Amino acid sequence: AQSVTQLDSHVSVSEGTPVLLRCNYSSSYSPSLFWYVQHPNKGLQLLLKYTSAATLVKGINGFEAEFKKSETSFHLTKPSAHMSDAAEYFCVVSDKGSNYQLIWGAGTKLIIKP
Amino acid sequence: DAGVIQSPRHEVTEMGQEVTLRCKPISGHNSLFWYRQTMMRGLELLIYFNNNVPIDDSGMPEDRFSAKMPNASFSTLKIQPSEPRDSAVYFCASSFAGDSTDTQYFGPGTRLTVL
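Protein chains in written order, with the working numbering: chain E, 1 to 114; chain D, 1 to 115.
Chain E on its own, in the form it takes in the complex (with noise of 0.2 Å):
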């Protein structure tokens, strides 16, 4: 069965500081996976998916996402953190054998310090 873990709940970082937030996943079958943003009180936006085409993947505003199936993990990344980037962000692998499922992790609350 095909499952993930964002490994942090919240992570608090400076503005101007790199964001890393770290998403591990299992899978039967060759993965998609995707980096889903959620800002408070707003929809699910998605921010970059891993197709098997290349293995980092660059999204919007400036964040990136390297999928690694030695260490299996899609850890998201920024180089340079800003206040608009506060939100709730959720790692996600498609259930490739149900052919829809989307597996979701619990999230990861970003929280940007000024």
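Keep in mind the hints are simulated off the structure, nothing from the lab.
The model shown is predicted, which means the values in this text are computed figures rather than measured ones.
Backbone N, C-alpha and C define an ideal beta-carbon position, used for all residues, glycine too.
Be careful, since some hints might not be right.
Straight-line C-alpha distance at most 30 Å; calculated DSBU-like pairs for lysine-lysine [stated by the list, open to error]:
hint: 1; chain 1: E; residue 1: 78; chain 2: E; residue 2: 58
hint: 2; chain 1: E; residue 1: 68; chain 2: E; residue 2: 58
hint: 3; chain 1: E; residue 1: 78; chain 2: E; residue 2: 113
hint: 4; chain 1: E; residue 1: 49; chain 2: E; residue 2: 78
hint: 5; chain 1: E; residue 1: 42; chain 2: E; residue 2: 109
hint: 6; chain 1: D; residue 1: 78; chain 2: D; residue 2: 24
hint: 7; chain 1: E; residue 1: 58; chain 2: E; residue 2: 42
hint: 8; chain 1: E; residue 1: 49; chain 2: E; residue 2: 109
hint: 9; chain 1: E; residue 1: 69; chain 2: E; residue 2: 109
hint: 10; chain 1: E; residue 1: 42; chain 2: D; residue 2: 78
hint: 11; chain 1: E; residue 1: 42; chain 2: D; residue 2: 68
hint: 12; chain 1: E; residue 1: 113; chain 2: D; residue 2: 78
hint: 13; chain 1: E; residue 1: 109; chain 2: E; residue 2: 58
hint: 14; chain 1: E; residue 1: 42; chain 2: D; residue 2: 24
hint: 15; chain 1: D; residue 1: 24; chain 2: E; residue 2: 58
Partial list, derived from the structure: chain E residues whose beta carbon lies under 10 Å from chain D [unchecked claim]:
hint: 16; residue: 25
hint: 17; residue: 92
hint: 18; residue: 95
hint: 19; residue: 102
Since the structure of chain E is already known, use the hints to place chain D on it.
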């Protein structure tokens, strides 16, 4: 592209009333999903349609909940009668099932409060 459209954005109703949530998926998408998000349970898949046909409704909480997709551009989620524990944010998402990445695109959600 307008993205997934949901209405209303906010709904406040009293216990026992009927509530209807609406969704217009992205044009050309053939899969549609209804989710519910609460603090306690996170994001839950309620029902999944493919080509307007319900494929999996195992997430629908109980018979008070029903969903329809009469055509490729419109879906409804109905709760009758509503209860306070139904208070949540309801999201609609759509995707193109021929896309091997299964990317789902979400609407802005409907925040439902049942008093």
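Okay, the hints, checked on the actual structure:
1. 78(E) / 58(E): holds, 10 Å
2. 68(E) / 58(E): holds, 15 Å
3. 78(E) / 113(E): With a Cα-Cα distance of about 15 Å, the restraint between residue 78(E) and residue 113(E) holds, given a limit of 30 Å.
4. 49(E) / 78(E): OK: residue 49(E) and residue 78(E) at ~15 Å, within 30 Å.
5. 42(E) / 109(E): Within the cut-off at roughly 14 Å; holds.
6. 78(D) / 24(D): Roughly 15 Å between the alpha carbons, so the hint for residue 78(D) and residue 24(D) holds.
7. 58(E) / 42(E): holds, 23 Å
8. 49(E) / 109(E): holds, 19 Å
9. 69(E) / 109(E): Answer holds: residue 69(E) to residue 109(E) is near 25 Å, not above 30 Å.
10. 42(E) / 78(D): This hinted pair holds, its Cα atoms lying about 22 Å apart.
11. 42(E) / 68(D): holds, 25 Å
12. 113(E) / 78(D): violated, 42 Å
13. 109(E) / 58(E): Roughly 21 Å between the alpha carbons, so the hint for residue 109(E) and residue 58(E) holds.
14. 42(E) / 24(D): At roughly 18 Å apart (the allowed maximum being 30 Å), residue 24(D) and residue 42(E) satisfy the hint.
15. 24(D) / 58(E): Roughly 29 Å between the alpha carbons, so the hint for residue 24(D) and residue 58(E) holds.
16. 25: violated, 15 Å
17. 92: holds, 9 Å
18. 95: This interface hint holds because 8 Å falls under the 10 Å limit.
19. 102: holds, 6 Å
Going through the hint list in order, the structure does not satisfy hints 12 and 16.
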